[in-house]
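J.: One letter stands for each residue in the lines below.
Number of protein chains: 2
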Amino acid sequence: MSVEKWGLFEVELTGPTEGNPFVDVQLSAEFKNGDTTIKAPGFYDGDGTYKIRFMPSVEGEWSYASKSDSSALDGQTGSFTCTAPAEGNHGPVRVRNQHHFGYEDGTSYFSFGTTCYAWVHQGDALEEQTLKTLETAGFNKLRMCVFPKDYIFNKNEPEYYPFEKQGDGWDFSRYDIAFFHHLEKRVAELGALGIEADIILFHPYDRWGYAKMAHEEDYAYLRYVVASLAAYRHVWWSLANEYDFMLKDKPMEVWDHFFEIVQENDPYDHLRSIHNGNVTMNYDHTKPGVTHVCVQNWDVKRMREWRDAYGKPVIDDECEYEGNILRNWGNITARELVHRYWICIVYGGYAGHGETYEHPEDILWWSKGGVLVGESWPRLKFLRGIVEEGPAEGIEPFAGSFPWGRTAGGGCGNYRLIYFGEHQPKRFGNGLPEEGRYEADVIDTWEMTVETLGTFEGQEPIELPGRPGLALRIRPVEG
Amino acid sequence: MSVEKWGLFEVELTGPTEGNPFVDVQLSAEFKNGDTTIKAPGFYDGDGTYKIRFMPSVEGEWSYASKSDSSALDGQTGSFTCTAPAEGNHGPVRVRNQHHFGYEDGTSYFSFGTTCYAWVHQGDALEEQTLKTLETAGFNKLRMCVFPKDYIFNKNEPEYYPFEKQGDGWDFSRYDIAFFHHLEKRVAELGALGIEADIILFHPYDRWGYAKMAHEEDYAYLRYVVASLAAYRHVWWSLANEYDFMLKDKPMEVWDHFFEIVQENDPYDHLRSIHNGNVTMNYDHTKPGVTHVCVQNWDVKRMREWRDAYGKPVIDDECEYEGNILRNWGNITARELVHRYWICIVYGGYAGHGETYEHPEDILWWSKGGVLVGESWPRLKFLRGIVEEGPAEGIEPFAGSFPWGRTAGGGCGNYRLIYFGEHQPKRFGNGLPEEGRYEADVIDTWEMTVETLGTFEGQEPIELPGRPGLALRIRPVEG
Numbered sequence: 005m006s007v008e009k010w011g012l013f014e015v016e017l018t019g020p021t022e023g024n025p026f027v028d029v030q031l032s033a034e035f036k037n038g039d040t041t042i043k044a045p046g047f048y049d050g051d052g053t054y055k056i057r058f059m060p061s062v063e064g065e066w067s068y069a070s071k072s073d074s075s076a077l078d079g080q081t082g083s084f085t086c087t088a089p090a091e092g093n094h095g096p097v098r099v100r101n102q103h104h105f106g107y108e109d110g111t112s113y114f115s116f117g118t119t120c121y122a123w124v125h126q127g128d129a130l131e132e133q134t135l136k137t138l139e140t141a142g143f144n145k146l147r148m149c150v151f152p153k154d155y156i157f158n159k160n161e162p163e164y165y166p167f168e169k170q171g172d173g174w175d176f177s178r179y180d181i182a183f184f185h186h187l188e189k190r191v192a193e194l195g196a197l198g199i200e201a202d203i204i205l206f207h208p209y210d211r212w213g214y215a216k217m218a219h220e221e222d223y224a225y226l227r228y229v230v231a232s233l234a235a236y237r238h239v240w241w242s243l244a245n246e247y248d249f250m251l252k253d254k255p256m257e258v259w260d261h262f263f264e265i266v267q268e269n270d271p272y273d274h275l276r277s278i279h280n281g282n283v284t285m286n287y288d289h290t291k292p293g294v295t296h297v298c299v300q301n302w303d304v305k306r307m308r309e310w311r312d313a314y315g316k317p318v319i320d321d322e323c324e325y326e327g328n329i330l331r332n333w334g335n336i337t338a339r340e341l342v343h344r345y346w347i348c349i350v351y352g353g354y355a356g357h358g359e360t361y362e363h364p365e366d367i368l369w370w371s372k373g374g375v376l377v378g379e380s381w382p383r384l385k386f387l388r389g390i391v392e393e394g395p396a397e398g399i400e401p402f403a404g405s406f407p408w409g410r411t412a413g414g415g416c417g418n419y420r421l422i423y424f425g426e427h428q429p430k431r432f433g434n435g436l437p438e439e440g441r442y443e444a445d446v447i448d449t450w451e452m453t454v455e456t457l458g459t460f461e462g463q464e465p466i467e468l469p470g471r472p473g474l475a476l477r478i479r480p481v482e483g
Numbered sequence: 005m006s007v008e009k010w011g012l013f014e015v016e017l018t019g020p021t022e023g024n025p026f027v028d029v030q031l032s033a034e035f036k037n038g039d040t041t042i043k044a045p046g047f048y049d050g051d052g053t054y055k056i057r058f059m060p061s062v063e064g065e066w067s068y069a070s071k072s073d074s075s076a077l078d079g080q081t082g083s084f085t086c087t088a089p090a091e092g093n094h095g096p097v098r099v100r101n102q103h104h105f106g107y108e109d110g111t112s113y114f115s116f117g118t119t120c121y122a123w124v125h126q127g128d129a130l131e132e133q134t135l136k137t138l139e140t141a142g143f144n145k146l147r148m149c150v151f152p153k154d155y156i157f158n159k160n161e162p163e164y165y166p167f168e169k170q171g172d173g174w175d176f177s178r179y180d181i182a183f184f185h186h187l188e189k190r191v192a193e194l195g196a197l198g199i200e201a202d203i204i205l206f207h208p209y210d211r212w213g214y215a216k217m218a219h220e221e222d223y224a225y226l227r228y229v230v231a232s233l234a235a236y237r238h239v240w241w242s243l244a245n246e247y248d249f250m251l252k253d254k255p256m257e258v259w260d261h262f263f264e265i266v267q268e269n270d271p272y273d274h275l276r277s278i279h280n281g282n283v284t285m286n287y288d289h290t291k292p293g294v295t296h297v298c299v300q301n302w303d304v305k306r307m308r309e310w311r312d313a314y315g316k317p318v319i320d321d322e323c324e325y326e327g328n329i330l331r332n333w334g335n336i337t338a339r340e341l342v343h344r345y346w347i348c349i350v351y352g353g354y355a356g357h358g359e360t361y362e363h364p365e366d367i368l369w370w371s372k373g374g375v376l377v378g379e380s381w382p383r384l385k386f387l388r389g390i391v392e393e394g395p396a397e398g399i400e401p402f403a404g405s406f407p408w409g410r411t412a413g414g415g416c417g418n419y420r421l422i423y424f425g426e427h428q429p430k431r432f433g434n435g436l437p438e439e440g441r442y443e444a445d446v447i448d449t450w451e452m453t454v455e456t457l458g459t460f461e462g463q464e465p466i467e468l469p470g471r472p473g474l475a476l477r478i479r480p481v482e483g
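Sequence order for the protein chains is V and P. Per the numbering used here, the first sequence runs over residues 5 to 483. Per the numbering used here, the second sequence runs over residues 5 to 483.
Since the hints were made in silico from the structure, they are not lab data. Among the hints, a few may not be true.
Repeated chains share a single entry, so a pair holds when one copy, or any two copies, can fit it.
[Stated by the list, open to error] Straight-line distance between alpha carbons at most 20 angstroms, and here's what the computed DMTMM-like set of lysine to aspartate or glutamate pairs gives:
# : residue 1 : residue 2
1 : Lys169    : Glu221
2 : Lys43     : Glu438
3 : Lys43     : Asp180
4 : Lys159    : Asp172
Please take these sequences and the hints and turn them into a complete structure.
T.: Laid out in structure tokens, this is it:
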């Protein structure tokens with residue numbers, strides 16, 4: 005048996021069905037390759053089936069042995085060969101260069117994410133349309149919730165529920181297998197598209213009681229989700245959407261403990277973050293369990309403040325959405341979202357996309373997926389291309405309040421990307437390289453054009469078209 | 005002899021010419037009307053002429069008696085009648101309703117200012133063109149410097165200098181009479197147009213040495229300017245443009261003392277403020293000598309923070325200028341300046357205009373005046389009309405971060421003005437009156453149109469056109 009590096013290897017065992025196997029049975033396995041030993045958690049998959057999933061990150065021969073308090077599951081052994089990764093498989097995304105990301109194989113990863121919170125709860129037709137849209141939309145990360153959503157525009161019942169029904173309520177200690185199989189399938193499909201699944205483990209928009217489970221039920225649920233999904237290389241853990249709106253039921257120490265549980269049960273150390281609701285309620289992202297910063301904040305010119313405050317990569321994953329709904333977080337223009345995205349990027353951070361246009365059947369991309377109807381997404385795809393053509397290390401923002409507190413500028417070595425936005429200078433000299441020849445391009449961020457101005461040397465201001473929405477790109481040239 | 009209320013009454017006396025009359029001679033006069041006694045400072049006006057200017061604020065019979073250490077000037081007496089103010093004369097502007105302004109006669113004053121720093125140093129042709137432009141531009145305040153300016157686009161020599169020449173330098177203890185006559189004339193002309201003269205007493209952009217005089221020379225200069233100009237009812241004192249760029253030469257206690265000197269020597273207690281350069285360097289505007297807050301800050305959504313921090317009227321008098329020059333403070337689009345102005349207003353503050361378009365002869369409105377070539381000024385004039393049609397008390401911002409930290413909204417009673425800017429909701433319900441009928445209008449802030457949507461009652465969301473740059477106005481109606 006063989007599996008590619010960073011692929012998913014699954015051990016399937018048969019064990020007890022009596023009692024509550026989700027709770028009563030402990031299962032894990034140790035996977036060994038030379039000096040490398042990794043312990044992976046197992047989980048009950050229904051109908052007497054138990055699974056242990058494993059993502060090998062070293063090529064060669066692996067062996068494993070299971071451990072369980074059930075004799076039927078204990079001491080099961082086996083082996084497999086880990087082969088080279090297939091094309092397009094770069095491994096999991098890691099923090100790199102302090103404020104940036106990279107795949108484990110060394111390939112750069114510049115996060116261009118979008119948001120479909122409840123897309124896996126919409127039924128096959130819409131879910132497949134969402135996947136079709138994502139194929140070409142240009143995003144490489146998707147924020148998505150495990151639990152279904154109850155909110156404006158989100159009143160439909162899901163097809164699956166995460167827990168087994170018990171009378172009029174739920175047995176929070178028994179997971180619904182059909183639900184989790186469906187979730188896994190959708191997560192795997194995102195992986196096949198090269199899209200990181202930023203999995204939101206808790207959120208407040210709930211009418212079923214999932215947001216108000218007892219802490220021990222939350223902890224067990226977390227262990228279950230992590231055991232079932234951690235071996236997918238493209239999984240990220242987002243502890244919450246808007247954790248601060250749940251503080252009454254889940255105080256801060258509970259959130260801190262959630263981070264510990266996820267970290268302890270995920271042998272691959274996937275990225276972990278948490279997202280705030282109120283702009284004044286950022287989590288303390290300096291805590292060691294947090295790998296990168298997520299903020300919800302419209303005021304994207306503060307990106308450098310967040311980078312400095314937390315010393316980690318920053319994703320403003322809700323800098324308001326393109327749309328026209330009555331809520332202000334969901335009715336900015338496409339131009340404004342493109343503007344904010346550019347500011348985040350050039351200031352050395354990342355941003356998130358979402359679409360919230362009114363729809364006759366309440367199918368808003370931000371929550372349900374479907375098709376993209378806005379105008380920002382192609383511009384963000386264009387921006388992603390610009391960034392991917394740039395330095396592999398990522399863009400570091402220029403320091404100082406003047407002039408860089410007014411216009412966003414950053415770079416890497418003599419590569420520079422200066423975004424003017426609402427500014428329209430006829431010439432600009434700040435931030436030009438002190439030494440060496442360079443090519444200067446004007447990028448129209450809305451029209452998605454790149455116009456080469458020529459080759460220059462020195463810091464004499466360069467003439468620009470003097471209209472809004474432009475960026476200046478400087479790239480060093482030989483000679 | 006008679007003078008209208010808040011008009012300018014001038015006593016002219018002949019006195020000693022020997023020595024340095026600017027320094028050697030003390031002169032003032034007490035003006036009395038019934039129980040009211042006001043002491044006004046005098047000043048030397050050259051050629052043996054001394055003047056005492058006085059602005060009466062009580063109608064009826066006034067008498068005066070001069071006081072001087074020169075016998076020729078001491079004990080001179082006289083009287084005049086103060087008549088009712090002429091039409092359009094509303095008296096000086098005062099702070100009113102904590103965060104707003106009003107003329108002394110009770111008429112509202114909503115500050116819509118522009119900036120021509122060095123306009124009085126450009127020669128008659130250009131200065132008269134500036135006045136012509138201001139006649140119809142719609143601004144009711146002008147920021148202007150006493151001293152000439154040395155800066156990019158400002159390399160021309162002025163016609164007049166504020167001090168008498170002494171060898172290659174200046175005698176900072178002798179004021180140039182032609183300079184001050186010219187300044188007074190231009191200040192008076194602004195008054196005739198109904199424009200408040202926001203007179204900037206110090207600034208750092210200097211090649212003549214005026215920014216680096218000894219403190220005692222600064223103090224004497226301040227007393228002289230105040231004595232000569234304070235009796236013009238439309239004068240405001242701005243201690244500095246960008247005081248923080250002069251801290252090396254004038255430390256904080258010197259600025260504090262400047263406020264004291266101006267306050268002591270101005271019997272009419274004209275408005276006093278000071279303007280920062282770096283956005284992190286706001287003066288402590290809570291100090292008692294400061295009547296209102298001036299800030300330079302592009303981040304206008306912070307307006308409510310400044311109001312709360314200082315508890316006084318706030319003017320963001322440099323929220324960046326419309327233009328296309330290479331400096332970022334001077335190259336935002338007209339749309340962006342209109343956008344920022346609206347945000348300031350609806351958040352219960354005021355803003356400042358300036359234009360900085362490249363010009364073949366370096367005649368940029370922001371400094372030299374001339375003609376307006378941009379597109380924001382008519383929109384600001386339109387906004388002024390909207391505000392003047394609104395509540396006399398001024399607009400108070402809605403409280404709370406949600407949703408009013410994202411979209412600017414404010415009002416007064418059941419009058420509401422909600423500015424959407426980059427937001428484009430198809431319907432909106434926040435901020436509607438809880439009780440009573442009201443008319444709702446959509447204002448297109450760029451097209452300068454007002455469309456009435458009809459009469460409503462209750463808080464059901466109102467349908468909107470769903471495009472950017474709109475405001476919603478709510479006005480209570482009878483019935």
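J.: All hints are to be evaluated individually against the structure, with a verdict given for each.
T.: Now the hints, each set against the structure:
no., hint, in the structure
1, Lys169 / Glu221, "within (15 angstroms within a copy, 86 angstroms between copies)"
2, Lys43 / Glu438, "neither (52 angstroms within a copy, 61 angstroms between copies)"
3, Lys43 / Asp180, "neither (25 angstroms within a copy, 88 angstroms between copies)"
4, Lys159 / Asp172, "within (19 angstroms within a copy, 82 angstroms between copies)"
Comparing the model with each earlier hint shows violations of hints 2 and 3; every other hint is respected.
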